[in-house]
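Colleague: Position chain B relative to chain A; hints supplied.
If you read the sequences in order, they're chains A and B. Under our numbering, the first residue of the first sequence is numbered 166, with each subsequent residue one higher. Under our numbering, the first residue of the second sequence is numbered 12, with each subsequent residue one higher.
Incorrect hints may have been included.
[Said to hold, decoys possible] Subject to a maximum C-alpha distance of 20 Å in a straight line, what follows is the list of computed SDA-like cross-link-like pairs (lysine to any residue): (1) B:K206 with A:G338; (2) A:K199 with A:L232; (3) B:K216 with B:I181; (4) B:K108 with A:T184; (5) B:K54 with A:G338.
[Claimed, not checked] Sample of chain A residues with no beta-carbon within 12 Å of chain B, all distances over it, derived: (6) V224; (7) Q285; (8) E314; (9) V319.
No lab work stands behind these hints: they were computed from the structure. Every residue gets a Cβ at the ideal spot worked out from N, C-alpha and C, and that includes glycine.
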Amino acid sequence: MEDGENDGKTLVFVTVGTTSFDALVKAVVSENVKEELHKRGYTHLLIQMGRGIYSPPKVCDGADGSLAVDYFTFSSSIADYIRSASLVISHAGSGSIFETLKLGKPLIVVVNEDLMDNHQCELAEELEERKHLYCARPHTLHQTLTKMELESLVRYAPGDGTPVARIIDRFLGFPDD
Amino acid sequence: MEEHHCCFYSKMLSRFSSISSFMLILVIVLVVRVLYVMYQCGKPFPKGASRSFTTLIVLGSGGHTAEMLSLLSVLRMDRFTPRFYIAAATDHMSLHKARSFEHSLADKPVAKEASLQYTQIYRSREVGQSYVTSVWTTILATVHALWLMIRIRPQILCNGPGTCIPLCVIAFLFKVVGIRWSSIFYVESVARVRKLSLSGLLLYKLRIADQFFVQWPQLQKNYPRAHYVGCLM
Chain A
166 MEDGENDGKT LVFVTVGTTS FDALVKAVVS ENVKEELHKR GYTHLLIQMG
216 RGIYSPPKVC DGADGSLAVD YFTFSSSIAD YIRSASLVIS HAGSGSIFET
266 LKLGKPLIVV VNEDLMDNHQ CELAEELEER KHLYCARPHT LHQTLTKMEL
316 ESLVRYAPGD GTPVARIIDR FLGFPDD
Chain B
12 MEEHHCCFYS KMLSRFSSIS SFMLILVIVL VVRVLYVMYQ CGKPFPKGAS
62 RSFTTLIVLG SGGHTAEMLS LLSVLRMDRF TPRFYIAAAT DHMSLHKARS
112 FEHSLADKPV AKEASLQYTQ IYRSREVGQS YVTSVWTTIL ATVHALWLMI
162 RIRPQILCNG PGTCIPLCVI AFLFKVVGIR WSSIFYVESV ARVRKLSLSG
212 LLLYKLRIAD QFFVQWPQLQ KNYPRAHYVG CLM
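With the rest of the complex left out, here is chain B:
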């Protein structure tokens, strides 16, 4: 009897140790892969890679939308099409402003018939929301973001609002898995002069953004991998 028990337990033990070795190797591989992607970020596309890119533009309340539109007004729209505008579900003005902006473009002869979409996205957490319900809304926000990213596979333009974080993290995870669909261009808001916002810090430190822009020289001194581009406004 005793021997039988010993046999059983030693079998379980060896199975357990091979599973844990496997898990350990998997974790190590993942970590190495993530580090590789982080330090590979910012690799430019080859010349003439594509005539146009699907673009996701993240808008936000406060000055964010105004800054984004200021940037968009100097981009060649034929290179960034189709365009998807994203705003938080509680932000009423931003999509309206984006529509007016696109409308004003329609008169320009260069702008092709572009496919345009205006979408509201769930916020992970509203100001003052309880943390218990926030777990659910964060999951919802992430699933919604995932669905969007898979469907449209865009380049991402964003400048600060927390709504961009799930989208950027998903884009980054895609890269970890080897899917290089999306590049992230992040412009830190003009209101950030000496310190980065939380979104900015995350995207900078974790090297999630492919190109990181700051609007004030003080920030470039503290964050040397950022491009100092002067004020957008």
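Excised from the complex, chain A in its bound form:
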């Protein structure tokens, strides 16, 4: 897994996509989570909070060695933020999950328990079983952070639509390429 160090900055990027997920934002800026991230050598925490209502208090660089905290609501593309991060903590949306996995970054997926019909956890749990990421709930995030071993994560190999294309082509009467 690549290290996202830039100018001595080790970034944790948190994303909730287009949703509102205050429970995750609150969990990520809670004292014990920040402490654990700091212990593990992370220096900066950047939160993309989407439609959430709760705005965390910003903490500037270099203040007594604790974690710097910043946030924004939306961005047209979060790929650059993911690229410059050493750890990504994301909601369980498939878009965010695969964007992060394709960029080869360590990922903790936090499932939103307030969602009705939570089919999202199916994907997160399956990928966790295949050792591509860690899966947590907002109240178990700290626990996951203390126990995680990022080097044991397996790099996700992206799939593609070739098998689908082949079957569709054949059905429509096209010759096999």
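Modeller: Chain B alone, transformed into the frame defined by chain A:
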């Protein structure tokens, strides 16, 4: 007088019973026809049937559009042209992403001058919408879908969002009436690992999709008529 009344009533009765027999026969014929179409679904085209097919691509918020574009990037675009992209009226990003995708294709030498269109479609019901107004919006959505289907007669590519259901149902009804314009290719979203989505269940159980694809092996075990194709992402 009495006899006159009897005559009148018996005439009405016989007319009524012949109308109801007719209706009954019609219903039976329809049911048989629908069952026939359902079990005939998935019949492939003959080789070399056409050089290209008009294609309708249904996009959706969440990961749906990303998955669709991932599939489109490995399709030979000269075989799927003209292309129509459809997104719900409230989905702002998807058509934008589709435009960027098509733009990136324009540099490839193989891509012909294709006719492209980006259309927004009415959703039957927005999240939280009252059921009373939903009746009206569902009718609107269905009429809009019907208009589109008649106008462009496409093959349909979709992977989950509810916006695809009116289009797929209309395509199916066309088949019932004997009009074989549209085939439906449905890829269940990568986010569905153990259970199908509501759209997927409908299209699978009612055999409306001509070809049904799932991205995880667990689903193929539970839904054996589906093709397991691995992850699109």
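Colleague: Compare the structure with each hint and give your call.
Modeller: Right, here's what the structure says about each hint:
The suggested pairing of B:K206 with A:G338 is violated, with an alpha-carbon distance near 31 Å, which exceeds 20 Å. The suggested pairing of A:K199 with A:L232 holds, with an alpha-carbon distance near 7 Å, which does not exceed 20 Å. A C-alpha spacing of about 16 Å is found between B:K216 and B:I181, which places the hinted pair at or below 20 Å, so the restraint holds. A distance of roughly 19 Å separates the Cα atoms of B:K108 and A:T184; the hinted pair therefore holds under the 20 Å criterion.
Restraint check for B:K54 and A:G338: the C-alpha separation of about 11 Å stays at or below 20 Å, so the hint holds. A:V224, annotated as away from the interface, keeps every beta carbon of chain B farther than 12 Å; the closest lies near 31 Å. Not every Cβ of chain B is farther than 12 Å from the Cβ of A:Q285; the closest lies at roughly 6 Å, contradicting the non-interface assignment. The beta carbon of A:E314 is kept farther than 12 Å from every beta carbon of chain B, the shortest such distance being approximately 24 Å.
Non-interface call for A:V319 relative to chain B: holds, since the shortest CB-CB distance, roughly 14 Å, exceeds 12 Å.
Going down the numbered hints, you'll see the structure goes against 1, 7, while the others check out.
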